[in-house]
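The listed protein sequences correspond, in order, to chains G and H. Following this note's numbering, the numbering of the first sequence begins with 65 at its first residue and continues without gaps. Following this note's numbering, the numbering of the second sequence begins with 1173 at its first residue and continues without gaps.
Rather than coming from a laboratory, the hints here were simulated on the basis of the structure. Source: prediction; values computed, not measured. Idealized CB from N, CA, C, for every residue including glycine. Please note that a few of the clues may not be correct.
[Unchecked claim] Derived pair list, reagent style DMTMM-like, types lysine to aspartate or glutamate, alpha-carbon separation capped at 25 Å:
1) H:Lys1473 <-> H:Asp1496
2) H:Lys1500 <-> H:Glu1382
3) H:Lys1291 <-> G:Asp262
4) G:Lys338 <-> G:Asp310
5) H:Lys1290 <-> G:Glu110
6) H:Lys1290 <-> G:Glu265
7) H:Lys1470 <-> H:Asp1496
8) H:Lys1288 <-> G:Asp262
9) G:Lys375 <-> G:Glu440
10) G:Lys460 <-> G:Glu470
11) H:Lys1290 <-> G:Asp310
12) H:Lys1291 <-> G:Glu432
13) H:Lys1290 <-> G:Asp262
14) H:Lys1288 <-> G:Glu219
[Said to hold, decoys possible] Chain H regions said to be covered by chain G (calculated; three or more residues, Cβ under 8 Å):
15) 1210 to 1216
16) 1249 to 1259
17) 1290 to 1299
Here is how the chains run, residue by residue.
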Amino acid sequence: MLKQIEGSRAVAEAVALCRPEVICAYPISPQTHIVEGLGEMVKSGELQGCEFINVESEFAAMSVAIGSSAAGARSYTATASQGLLFMAEAVFNAAGLGLPIVMTVANRAIGAPINIWNDHSDSLSMRDCGWLQLFAETNQEALDLHIQAFRLAEELSLPVMVCMDGFILTHAVERVDMPTQAQVDTYLPPYEPRQVLDPNEPVSIGAMVGPEAFMEVRYLAHAKQLQALERIPQLAAEFGQQFGRDSGGLIRTYRCDDAETVVIAMGSVLGTIKDTVDALRQPENGGLKIGVLGIVSFRPFPHEAIAAALKRCKRFVVLEKSLAVGSGGIVATDVRMAVTGMGLQGHTVIAGLGGRAITVKSLAALFEKACAGQLELTTFLDLDWKAVNKQLEREKAVRRSGPIAENLLRDAGVVAARNY
Amino acid sequence: MSYQPIKFYQTGTFTVGNRLLAPEERSVQASAKRFNSINSGHRACQGCGEALGARYAIDAAMEATHGQLVCANATGCLEVFSTPYPETSWQVPWIHSLFGNTAAVATGIAAALKVKQKKAPHGQEIRVVAQGGDGGTTDIGFGCLSGMFERNDDVLYICYDNGGYMNTGIQRSSATPPAARTATTPAVGVEPGNVFGQGKFVPAIAMAHEIPYVATATVADLRDLEAKVRRAMEIRGARYLHILVPCPLGWGTASHDTIRMARLAKETGLFPVFSAEHGEQKSALAIRRQLPVEEYLKPQKRYAHLFAPTPRVEVLAQLQALADRNIKRYGLLDGGKQ
Ligand SMILES: Cc1ncc(C[n+]2csc(CCOP(=O)(O)OP(=O)(O)O)c2C)c(N)n1
Ligand code: SF4
Ligand SMILES: [Mg+2]
């Protein structure tokens, strides 16, 4: 059914259609509307057979989900940013224990300085935690990915994060096609756990493992992610057949066939990038041979699919909303690894941190430079160098230069930041 | 089987021997058919009070639930010594997740079981016990514990209090008693050992949450401990049982003195044994023959600095004052301030 609703509401309704049995909720922007929606559905009786638990922290949210999942219940939670970091120990634990929890991450920057706006630092900081990470480009895809995520998680006994851009998607009111309960029931069978806490067949879960077996257990976690590389496209294809639309998969390419330059990104910014590429391909704008590659599955990372998609190009530009401080790009590192030996020119563009707008104008200038072979190895898109240099000068001049973020705000003269 | 009727002077105590009791009144541990929920062969130190306390408590909970029990366990000695995989001592479904999240994991299990029971009702309901050491309970797991209490989740949480982080080599926790020596409160300087005026008594904080049931116990009073587990399992909602479990390694006591140490902790008043319902104290296990705190402190190497080279009379007086305060506060000489 077509609906004009907020992204968060769409995700809440999709999660409800998946018949979750335990939901843990803790507020943090921009994720709150999702669990609020689910809480309302449970309380009103619209969503039956589900316990909705208001926990005291994100650490507890993930821990409750660990307990409920281990006891055989389909378990869901959502978080973002500081919340994801606060639950970090339990996030690793859920993956280590092989519990198929599904969690929405409404991607948001990490402080300090505290910032509620979108970038991908939060889920990428959990890059190696053992969870699968799927990135949605649109609200429709966010909705669809949740349905696929439960299926994928439970088949593999691995937890899955569905990442959607905070505010840009979570708070955008858009048209979505909401599937029916019968459709979802056909796609997603009831949860059959591989391991369960059952008094009739007592097992010990979470024992200490020493050097004699730890490597193998870790390798098996890796092997499962490699299995996911095969299952993700299959499940997306099956989804496409049943629901009649393309959602999910490992990667998606756009106008790559004859592209000499391919821009790689994740999430909602792909829309802006595609618009820019369409414009640059117009003869009056130079008719640039440029295409786009969207990564849906960040974990497992689709090395082969990316290499295959870049086979015909000359160069790629990874535009990412994350920064490996002291090194450069996070996604770019993985992409470079994927194209090892292919002789491509690679560029990293750090953009949109903390919600900095990524505009068509800036992208067009950037891509033109890239196509002309003039782009630096690493670019910080729309960075205010004047502000940066002023602070560097200040630190040279005085010892007690004061708090950095506050200095920059004072220099900028902006009174716009609010905390939630 | 023949038995003697209970003589008058023994009533009102739980120390009466099984021999004197009717079979149905005997302790769970006295039965050859006890569950052995935590089976023999684990790697605890000789005389470990925690191993003993866990066996008593979980067997009693198994008895009360007819074997329909799931356990969540915090990181700590109990977790480490019971599961040197491929061996496990647990005869119950058991999960260890982290050090500080056990109460929340138990909440999740209880929620899942509730949903499952509603969807497909089966005769005997499955109940949940969470357990951890004092560090895992009063310090790092305290947020999750308080959350579980406040939501009144259907979980019995058992804290095995040995007064320190034993698994990592005997460091101070917020349950380490004043003056006690640990690796992080060494017996040096002007105020050797753990400082006075710090720490927290979580049973009292649990009572402040007004949860349905809070109790303390020691491994010296088996029947009292079992009775409290039984009572706890009769009740729905959040329940808390805090068991004093002497640790021969950490306390510097002889392994054959574990029970004696637990008994002395209670008989001196340093560890009050009582129960409370909905925030109100309901009972106290009476001190039978009050003893000065020295009787309890002297056999423990963690207090050796109080006795030699020069006796620290003022410190001993401070500790005696703590015991006297407990006696008064919990009515330990008259069986509770009903
Ligand atoms: C987050 C975290 N911090 C620290 C540790 C290290 N650690 C493991 S067990 C333990 C001590 C446990 O003390 P307690 O809970 O009192 O149990 P005991 O061993 O005394 O029975 C510590 C500090 C850990 N495993 N996880
Ligand atoms: S250190 Fe103490 S608590 Fe740990 S096993 Fe030994 S006696 Fe038991
Ligand atoms: Mg301890």
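Here's how the hints hold up against the structure:
{"no.": "1", "hint": "H:Lys1473 <-> H:Asp1496", "verdict": "23 Å, holds"}
{"no.": "2", "hint": "H:Lys1500 <-> H:Glu1382", "verdict": "22 Å, holds"}
{"no.": "3", "hint": "H:Lys1291 <-> G:Asp262", "verdict": "16 Å, holds"}
{"no.": "4", "hint": "G:Lys338 <-> G:Asp310", "verdict": "17 Å, holds"}
{"no.": "5", "hint": "H:Lys1290 <-> G:Glu110", "verdict": "16 Å, holds"}
{"no.": "6", "hint": "H:Lys1290 <-> G:Glu265", "verdict": "21 Å, holds"}
{"no.": "7", "hint": "H:Lys1470 <-> H:Asp1496", "verdict": "18 Å, holds"}
{"no.": "8", "hint": "H:Lys1288 <-> G:Asp262", "verdict": "12 Å, holds"}
{"no.": "9", "hint": "G:Lys375 <-> G:Glu440", "verdict": "22 Å, holds"}
{"no.": "10", "hint": "G:Lys460 <-> G:Glu470", "verdict": "17 Å, holds"}
{"no.": "11", "hint": "H:Lys1290 <-> G:Asp310", "verdict": "37 Å, violated"}
{"no.": "12", "hint": "H:Lys1291 <-> G:Glu432", "verdict": "60 Å, violated"}
{"no.": "13", "hint": "H:Lys1290 <-> G:Asp262", "verdict": "16 Å, holds"}
{"no.": "14", "hint": "H:Lys1288 <-> G:Glu219", "verdict": "20 Å, holds"}
{"no.": "15", "hint": "1210 to 1216", "verdict": "violated (count 0)"}
{"no.": "16", "hint": "1249 to 1259", "verdict": "holds (count 5)"}
{"no.": "17", "hint": "1290 to 1299", "verdict": "holds (count 3)"}
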